[in-house]
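Participant: Sequence:
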Amino acid sequence: MSGREEGQDPLAERIGQRIGDLSAAERRVAEYLWKHPGMIVLSTAGELGALSGTSDATVIRTVKSLGYSGLPELKRAVGRHVVSDTPAVRLRHRVEEAGDDPLSQLDQMLTESIDRLTETRRQIAEPAFGAAVDLIAGAREVVGYGLGISELPMRYLATRLQRLGRRARSTSATGFRLADELLPLEPGDVFVLNAPDRLLPDMTTAIRHARTAGAGVLLLTDSLGATLDSLVDVTLPAVMSPTGLTQEGLSATLVLDCLLLAVAKRDPRAVSANTELLAELRDRLAPRDLRSRRA
Numbered sequence: 006m007s008g009r010e011e012g013q014d015p016l017a018e019r020i021g022q023r024i025g026d027l028s029a030a031e032r033r034v035a036e037y038l039w040k041h042p043g044m045i046v047l048s049t050a051g052e053l054g055a056l057s058g059t060s061d062a063t064v065i066r067t068v069k070s071l072g073y074s075g076l077p078e079l080k081r082a083v084g085r086h087v088v089s090d091t092p093a094v095r096l097r098h099r100v101e102e103a104g105d106d107p108l109s110q111l112d113q114m115l116t117e118s119i120d121r122l123t124e125t126r127r128q129i130a131e132p133a134f135g136a137a138v139d140l141i142a143g144a145r146e147v148v149g150y151g152l153g154i155s156e157l158p159m160r161y162l163a164t165r166l167q168r169l170g171r172r173a174r175s176t177s178a179t180g181f182r183l184a185d186e187l188l189p190l191e192p193g194d195v196f197v198l199n200a201p202d203r204l205l206p207d208m209t210t211a212i213r214h215a216r217t218a219g220a221g222v223l224l225l226t227d228s229l230g231a232t233l234d235s236l237v238d239v240t241l242p243a244v245m246s247p248t249g250l251t252q253e254g255l256s257a258t259l260v261l262d263c264l265l266l267a268v269a270k271r272d273p274r275a276v277s278a279n280t281e282l283l284a285e286l287r288d289r290l291a292p293r294d295l296r297s298r299r300a
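Sequential numbering of the sequence shown, starting at 6, is according to this note's numbering.
The set of hints was computed from the structure by calculation and includes no laboratory data. Treat the hints with caution; some may be incorrect.
Once the Cα atoms are required to be at most 20 angstroms apart in a straight line, the calculated DMTMM-like pairs of lysine to aspartate or glutamate come out as [to be verified]: (1) 40 / 120; (2) 40 / 78; (3) 40 / 124; (4) 40 / 253; (5) 69 / 18; (6) 80 / 36; (7) 270 / 281; (8) 270 / 139; (9) 270 / 131; (10) 40 / 61; (11) 270 / 146; (12) 69 / 52; (13) 40 / 234; (14) 80 / 18.
Produce the entire structure from the sequences given, and follow the hints as far as they go.
Facilitator: Here it is in structure tokens:
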């Protein structure tokens, strides 16, 4: 495991020492607990079971396999660490540690961005990427879903796919509004979920409905792969910022750009025709001479 220094996180140390003795279901729970320590403090065994795609009994069994007497002891142990290791605390420390020189700050941001993209590429397996391209290229319609900032890459995906001559839309609806967005899903569609690290009930409902409707499901995530693996067709990693300083959707947008290029290569004539039509429509809406006068 990476991302947390041993000696500072007792839970990570225990998981690292005992991961080989855990069953597949217990490893899924352990991975979720390691990547979402804050949820341990806030959740019941049943809720942790649902979030990790297992059960409350598996959660309790995993906790005991890791050497804790039960969930209460784990909550106490993790709680002490979480209080001093929240995203807000990490971000504040990184801002305080940043140099005063703007160029050094630029270097810091670029270094983190490069590290994120490099790690994303390392984690992407060729079969998974190829399967994702097949899903998007063969879709009747692509529906992107993300909440908050996570919707922005989905909006980008929909716009770019439309420019390639493909049917696509995005949404960030929740509750009853989400039901209306999910209603048109049918076999041959592809539902793309951008969920970096937080799984909300609306997301699970959307994925389950997509599968029931016969649609394919593609997941972009940093840490929910093991949790949602049984519910999606393909998972592609998109590594998040460890500090919160660099843009949340950076890795996801790069992955989408790679997918879009591969999809465009499948039908270059359609891409060319739609590019010409787009330019023609733009010229009608804002003639070039008018554009130059505005500038």
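Participant: Check the structure against each numbered hint from earlier and tell me which ones fail, lowest number first.
Facilitator: The structure breaks none of the hints.
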